[in-house]
Amino acid sequence: MDPLTDVLTAISHPTRRAIIGQLANGPARFLEVAKPFDTALNAVTKHLKMLERAGLIERQKQGREVFISFRAEPLREVAGWVHEYERFWNARLDQFEQYFRNKKKRNKKERK
Amino acid sequence: MKESKKTLEFKFERTIPAPPDEVFAGWLNPKIPGNPWNMAEKLLLNPAVDGFFYWSAKGTAHYGRFTEMERPGRIQHTWVSPNTLGEESIVTLTFQKRGGDTLMTLVHSDIPDTDRARGHEKGWNYFLNIFPEQFVNRSHQEK
Numbered sequence: 001m002d003p004l005t006d007v008l009t010a011i012s013h014p015t016r017r018a019i020i021g022q023l024a025n026g027p028a029r030f031l032e033v034a035k036p037f038d039t040a041l042n043a044v045t046k047h048l049k050m051l052e053r054a055g056l057i058e059r060q061k062q063g064r065e066v067f068i069s070f071r072a073e074p075l076r077e078v079a080g081w082v083h084e085y086e087r088f089w090n091a092r093l094d095q096f097e098q099y100f101r102n103k104k105k106r107n108k109k110e111r112k
Numbered sequence: 001m002k003e004s005k006k007t008l009e010f011k012f013e014r015t016i017p018a019p020p021d022e023v024f025a026g027w028l029n030p031k032i033p034g035n036p037w038n039m040a041e042k043l044l045l046n047p048a049v050d051g052f053f054y055w056s057a058k059g060t061a062h063y064g065r066f067t068e069m070e071r072p073g074r075i076q077h078t079w080v081s082p083n084t085l086g087e088e089s090i091v092t093l094t095f096q097k098r099g100g101d102t103l104m105t106l107v108h109s110d111i112p113d114t115d116r117a118r119g120h121e122k123g124w125n126y127f128l129n130i131f132p133e134q135f136v137n138r139s140h141q142e143k
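Residue numbers (my numbering), protein chains in the order written: chain H, 1 to 112; chain V, 1 to 143.
Some hints could be false.
In silico DSSO-like links for lysine-lysine, alpha-carbon gap of 30 Å or less [said to hold, decoys possible]:
hint: 1; chain 1: V; residue 1: K11; chain 2: H; residue 2: K103
hint: 2; chain 1: V; residue 1: K31; chain 2: H; residue 2: K109
hint: 3; chain 1: H; residue 1: K35; chain 2: H; residue 2: K49
hint: 4; chain 1: H; residue 1: K103; chain 2: V; residue 2: K31
hint: 5; chain 1: V; residue 1: K11; chain 2: H; residue 2: K104
hint: 6; chain 1: H; residue 1: K46; chain 2: H; residue 2: K35
hint: 7; chain 1: H; residue 1: K108; chain 2: V; residue 2: K31
hint: 8; chain 1: V; residue 1: K97; chain 2: H; residue 2: K112
hint: 9; chain 1: H; residue 1: K103; chain 2: V; residue 2: K97
hint: 10; chain 1: H; residue 1: K105; chain 2: V; residue 2: K31
hint: 11; chain 1: V; residue 1: K31; chain 2: H; residue 2: K112
hint: 12; chain 1: V; residue 1: K42; chain 2: V; residue 2: K58
hint: 13; chain 1: V; residue 1: K97; chain 2: H; residue 2: K109
hint: 14; chain 1: V; residue 1: K31; chain 2: V; residue 2: K42
hint: 15; chain 1: V; residue 1: K58; chain 2: V; residue 2: K11
hint: 16; chain 1: H; residue 1: K108; chain 2: V; residue 2: K97
hint: 17; chain 1: H; residue 1: K104; chain 2: V; residue 2: K97
hint: 18; chain 1: H; residue 1: K103; chain 2: V; residue 2: K58
hint: 19; chain 1: H; residue 1: K105; chain 2: V; residue 2: K11
hint: 20; chain 1: V; residue 1: K42; chain 2: H; residue 2: K103
hint: 21; chain 1: H; residue 1: K105; chain 2: V; residue 2: K97
hint: 22; chain 1: H; residue 1: K49; chain 2: H; residue 2: K61
hint: 23; chain 1: H; residue 1: K104; chain 2: V; residue 2: K31
Partial pick of chain H residues on the chain V-facing surface, computed with a CB cut under 7 Å [what the hints assert, rightly or not]:
hint: 24; residue: E84
hint: 25; residue: Y85
hint: 26; residue: E86
hint: 27; residue: W89
I should point out that these hints are in silico values taken from the structure, not numbers from a laboratory. Cβ atoms here follow ideal geometry from the backbone N, Cα and C, with glycine treated the same way.
Just chain H, with the same shape it has in the complex (with noise of 0.2 Å):
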């Protein structure tokens, strides 16, 4: 994969996103950072070498520890992707959705 598309699939998934924001706070060891998590540690592993791959976190080895910190170049350079009307249509159309959605889930329940 390029290392865009490394980026974007980091950040697609939430307990990668949740580890990015919790890293965002400071460095951790391993254990730190898989402890909120209610998953194996060899699933938190696996998140966190995909985040690796895409430059988004980087481990450093203090004495016998070694911290895992966030790296936020990688997103800064994929943010230059992002064009305003991308944003502003995806926010309209999210909402003109949302409004349908709940239109239909108000009309079941005065059905029912």
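Position chain V relative to chain H; hints supplied.
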């Protein structure tokens, strides 16, 4: 000097849980959330062929002229804003029946490719919105 002009086109699709005539009418009704007219602080709207619209929000004005109006399947209008550098871009909407739903397609074409709209700063804000809480926490820590 002849300048070559690069333009962009974006396509969006949504499946809306309502029949095409209802979705078509919803898109032109300023009271319905999600259509561009709904967010206007000031709005002039004449949704007919050769009818004009003007809307403004947060100090930014948008103008256009309806060029096609085929109820309930198709709407086309021009779209002029600061991001189009005052030139006419084209917005085309189609509404296709999919069972009880509508496949709604919006194509925005002939958009001048400018740094203003493709700005890194604005793009970066898009990602900040993905991780709002985390980045707020981070900025607090950095203070």
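Going down the list of hints, with the structure as the test:
For the proposed pair K11(V) and K103(H), the alpha carbon gap of about 26 Å is at most 30 Å, so the pair holds. Annotation: proposed proximity of K31(V) to K109(H) holds, straight-line Cα distance about 23 Å (limit 30 Å). With a CA separation close to 17 Å, the supplied pair K35(H) and K49(H) stays within the 30 Å bound. A C-alpha spacing of about 14 Å is found between K103(H) and K31(V), which places the hinted pair at or below 30 Å, so the restraint holds.
Pair hint K11(V) plus K104(H) holds up; C-alpha atoms about 26 Å apart against a cutoff of 30 Å. The suggested pairing of K46(H) with K35(H) holds, with an alpha-carbon distance near 15 Å, which does not exceed 30 Å. Distance restraint check for K108(H) and K31(V): the Cα-Cα separation of roughly 22 Å lies within the 30 Å cut-off, and the hinted pair is therefore satisfied. Of the pairs offered as hints, the one joining K97(V) and K112(H) holds, with about 26 Å between alpha carbons and a cut-off of 30 Å not exceeded.
Proposed proximity of K103(H) and K97(V) is supported: the alpha carbons are some 18 Å apart, at most 30 Å. Between K105(H) and K31(V) the CA atoms are separated by roughly 19 Å; this keeps the pair inside 30 Å, and the hint holds. In summary, the hint linking K31(V) to K112(H) is supported, as the alpha carbons are separated by about 27 Å, within the 30 Å threshold. Restraint check: the Cα-Cα separation between K42(V) and K58(V) comes to about 10 Å, which is no more than 30 Å; the hinted pair holds.
Annotation: proposed proximity of K97(V) to K109(H) holds, straight-line Cα distance about 24 Å (limit 30 Å). A distance of roughly 13 Å separates the Cα atoms of K31(V) and K42(V); the hinted pair therefore holds under the 30 Å criterion. In summary, the hint linking K58(V) to K11(V) is supported, as the alpha carbons are separated by about 25 Å, within the 30 Å threshold. For the proposed pair K108(H) and K97(V), the alpha carbon gap of about 21 Å is at most 30 Å, so the pair holds.
For the hint pairing K104(H) with K97(V), the CA-to-CA distance comes to about 17 Å; that is within 30 Å, so the pair holds. Taking the CA atoms of K103(H) and K58(V), the gap is near 29 Å; set against the 30 Å cutoff, the hint holds. Distance check on the hinted pair: K105(H) and K11(V) sit about 28 Å apart at the alpha-carbon level, within 30 Å; holds. Restraint check for K42(V) and K103(H): satisfied, since their Cα atoms lie roughly 26 Å apart, inside the 30 Å limit.
Distance restraint check for K105(H) and K97(V): the Cα-Cα separation of roughly 20 Å lies within the 30 Å cut-off, and the hinted pair is therefore satisfied. The straight-line distance between the Cα atoms of K49(H) and K61(H) is roughly 17 Å, inside the 30 Å bound, and the hint therefore holds. Between K104(H) and K31(V) the alpha-carbon distance is near 17 Å, which keeps this suggested pair within the 30 Å criterion. Hint status for E84(H) relative to chain V: holds, with the closest Cβ pair at about 4 Å, below 7 Å.
Hint on Y85(H) holds. Least Cβ distance to chain V is approximately 6 Å, under the 7 Å limit. Among the interface hints, the one on E86(H) holds; its C-beta lies about 6 Å from the nearest C-beta in chain V, closer than the 7 Å criterion. Given the 7 Å rule on beta carbons, the hint for W89(H) holds: about 5 Å separates it from the nearest Cβ of chain V.
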